[in-house]
Amino acid sequence: EEGVDGAIVATPNQFHVDHGLLLIEAGIPVLIEKPLASDLTGARQLVAAAEAAKVALLTGHHRRHNPLIQKAKAMIDEGHIGRTVSLSMTCWLMKPEDYYQADWRTKKGAGPIYINLIHDLDLARYFLGDVKKVMAMQSSATRGFEVEDSAVILLEFVNGALGTINLSDTIVSPWSWELSSGENADYPTTTEHAYMIGGTAGALAVPNLSLWAAESKPSWWQPIKQVKPVYGSADPLVRQIEQFVDVIAGNQAPLVNGADGLASLVLIEAVKQAAETGQTVYLDEFSG
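Read left to right, the sequence shown gives residues 85 to 372 (this note's numbering).
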């Protein structure tokens, strides 16, 4: 439409593709709230259409816009922890009983893997790069619903690094992004961390950004020092919109483009398939 510089699609997931394609066909840059689509076919359709039309397509993985995530990414890329070796993520939450009064939340597809984990998987890719293969286990033993309440995930990244993710929405704990980052004022805030990224020269905890690094030649006999870097604070949702404005103006490339949104959606589907089948899923062979 004439006079429309850009558009945000925050409609229910099943409408993302139809609404996104209408905007792309009109030549309008579009920011689509995560997940990019409700299935991989639709997500691939959006990415292909945007590339063919040369229209900017952004995915709303807002955590990447958080200044502390930007700082963590810079510290990894600048070599402060050396070669990345391992990633550990803890996502332990306790959802209240009334959360499950809505019957659909007890059914297949509505568990913490699909509802919560995609943000963490997107950050795993952002920190360490693309994933090569996935193994996973899931359980519904605590609540007994059709949907899982806990899962453990193993990742092998293309660069050879390994990752573990421990996920549950039935555990009282301070170790989750929601309770450790202070990003959402509706949640109580702790001073704990949720992620650890380890390398040959040091290790970084996120979101408290505690860096432990060797003072001399790395060895378990040698002392290590703790460094707490300085970084600014800002609302990542506001920064996401500000970046969208810059993309529309042609001043920046998207921080999280359509291909990123598709890759994270592929990864979440691969995790779910691995958890349900007990089989290793290779990402380059996975079609969803």
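It is worth saying that the hints were derived from the structure and are not from the lab.
Misleading hints may appear alongside valid ones.
Unchecked claim - Calculated pairs, DMTMM-like style, for lysine to aspartate or glutamate (alpha carbon to alpha carbon, straight line, at most 25 angstroms): (1) 157 - 240; (2) 216 - 240; (3) 155 - 267; (4) 191 - 240.
Those earlier numbered hints the structure runs against, lowest number first = 4
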